[in-house]
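Asker: Work out the full structure, taking the sequences as your base and the hints as a guide.
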Amino acid sequence: MVRVKQRYILFEILYPPAYDPKHSDEDFTNFSSSERNALLSLHQTSSSDINQKSITNAIRKSLQIHYGDFGGGSAGMLMTVKYFSNKTSTGIVRCGRGHFELIVGALALITRIEGYDVIIRCTHVSGTIKKCEEYSIQKSKQLMHLMSQNGSDLTSWMSDVNHMDINEDDEDS
Amino acid sequence: MPYDLNIPWPVDNYTSKPTPSQLTQLKNIISTNYTLGITHQVINYSITETVKIPINNANEINPIDITWLRNELVNFPKLRLFTRLTLIVNDSSKIQHLTKLQNHFDLIAIQPLTEKALQLTITNLDVDLISLNLSSRLPFFLKHKIIGSAIDKGIKFEICYNWLISGAIGYDGTHANVQLIKKNFFNNVLQLIRASRSRGLVISSGATQPLQLRNSNDILTILKTLGLDRSRAKACMTVNPERVLVNGRLRIKSYKQTISVNDNAKLLENEHENPNKKSDSLVYKRKLQDTDTGKLLKKVKS
Chain F
1 MVRVKQRYIL FEILYPPAYD PKHSDEDFTN FSSSERNALL SLHQTSSSDI NQKSITNAIR
61 KSLQIHYGDF GGGSAGMLMT VKYFSNKTST GIVRCGRGHF ELIVGALALI TRIEGYDVII
121 RCTHVSGTIK KCEEYSIQKS KQLMHLMSQN GSDLTSWMSD VNHMDINEDD EDS
Chain Z
174 MPYDLNIPWP VDNYTSKPTP SQLTQLKNII STNYTLGITH QVINYSITET VKIPINNANE
234 INPIDITWLR NELVNFPKLR LFTRLTLIVN DSSKIQHLTK LQNHFDLIAI QPLTEKALQL
294 TITNLDVDLI SLNLSSRLPF FLKHKIIGSA IDKGIKFEIC YNWLISGAIG YDGTHANVQL
354 IKKNFFNNVL QLIRASRSRG LVISSGATQP LQLRNSNDIL TILKTLGLDR SRAKACMTVN
414 PERVLVNGRL RIKSYKQTIS VNDNAKLLEN EHENPNKKSD SLVYKRKLQD TDTGKLLKKV
474 KS
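Protein chains in written order, with the working numbering: chain F, 1 to 173; chain Z, 174 to 475.
Think of the hints as simulated: they come from the structure by calculation, not from any bench.
Nothing here was measured: the structure is a model prediction, and the numbers come from that model.
Be aware that one or more of the hints could be misleading.
What the hints assert, rightly or not - The calculated lysine-lysine pairs, modelled on BS3-like cross-linking and capped at a C-alpha distance of 30 Å, are:
id : chain 1 : residue 1 : chain 2 : residue 2
1  : F       : Lys139    : Z       : Lys397
2  : F       : Lys5      : Z       : Lys397
3  : F       : Lys53     : Z       : Lys289
4  : Z       : Lys397    : F       : Lys131
Claimed, not checked - Here's a subset of chain Z near chain F, in silico, CB distances under 7 Å, partners left out:
id : residue
5  : Asp185
6  : Asn186
7  : Asn388
For each residue, glycine too, the CB sits at the ideal point set by N, CA and C.
Answerer: So, in structure tokens, the structure goes:
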């Protein structure tokens, strides 16, 4: 039997420091004082305005702007946000296998969701939702462990997360 | 190790100094980039050819206070910062004093505005990187022959992705100008990919706000949907920028960019470097006659 193949994209929302004259700029100035501060400030919890629906809308809009009707139709219609956690600002998107690159691109090009300035980065792409979940849990555990210790090597964690290779996932299908 | 060869210095002339909030912004950009996994970052000082460079005043040529920045960001242990000079030129023949500037910056880049300038830069000048302005329509056609000869010489071409992510400057995605910039960006990147056959490209951020930074893999994915060669895509983030950096560093620390006395790993580590030593040609590149042994040999011979 042949079945429809999917890709699951694990993404996280980061909140970059922004200069805001209305509020106190404590976050803004303290941001780069240590690795820990920078990480904690980027990996904030999301407000309840950001939910699965608003993220779906943001991705659809970005797809429409950057890839037009063609991209929006071929990739956007089958896409669903399967999971989003406001506590960890992490989510999983499901999309068709042939067009996952368009979705990754559209995710990366989002700058704003519901009035919040955001950086979205994709950390993992997988054929099953379970592997995405396992990867996410593993990385969060590592990060929490490293954060609780003093003088731990956070840098290798950062570059490790960054070292996802989409091409490898592409070939095993 | 991923690299980012373009983090703009907030000021583009010698007369004004950056304000404290601009410097905090710069630090935030660097640290955000660092948390995205990029350890080697280059601060880019970009000037037009009309700006007068204080050639005779060695201390003033490089306005980027790299030691201060390094001290401010001391809590990021693996961060390495370098400096880069980008000259925006109409006519490359006007640049006579490039050799004098080379010792003050780790990298030298040229942004040619005309085809003639591009051609002259490639054939005559000793630069590491060519950075085309991708936001506006290029007034000339990129020919494979010219671009290929540059890549054979080891000059890389830069793609700054900040034009793609316009950030918070009143941007809502429907503004006509922003769309035009993005269209031009895609067109120019496609031209570059075609003319270079996906070889010798470097992807850097050029971000003026932390918001404009993105995960480098995501940017690669976007460029792959544009038609960048998949097998050569990874090199745009890792190998190519490393080569540019090594090339630029060799200019400072070696004899004719071929012979370096220090071992190779130290080329990309500059935190203990004395900026004054760098500009003095008698320290890293001194000839045999200038050393004690050389003087002794000379005496014996005569």
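Asker: It remains to establish, for every hint, whether it holds in the given structure.
Answerer: Hint check results:
1. F/Lys139 <-> Z/Lys397: holds, 27 Å
2. F/Lys5 <-> Z/Lys397: holds, 21 Å
3. F/Lys53 <-> Z/Lys289: Roughly 52 Å between the alpha carbons, so the hint for F/Lys53 and Z/Lys289 is violated.
4. Z/Lys397 <-> F/Lys131: Holds, because 24 Å separates the two Cα atoms, which is no more than 30 Å.
5. Asp185: violated, 20 Å
6. Asn186: Violated, about 23 Å.
7. Asn388: With a closest approach of 4 Å, the Z/Asn388 hint holds.
Checked against the numbered hints given earlier, this structure breaks hints 3, 5 and 6; the rest are met.
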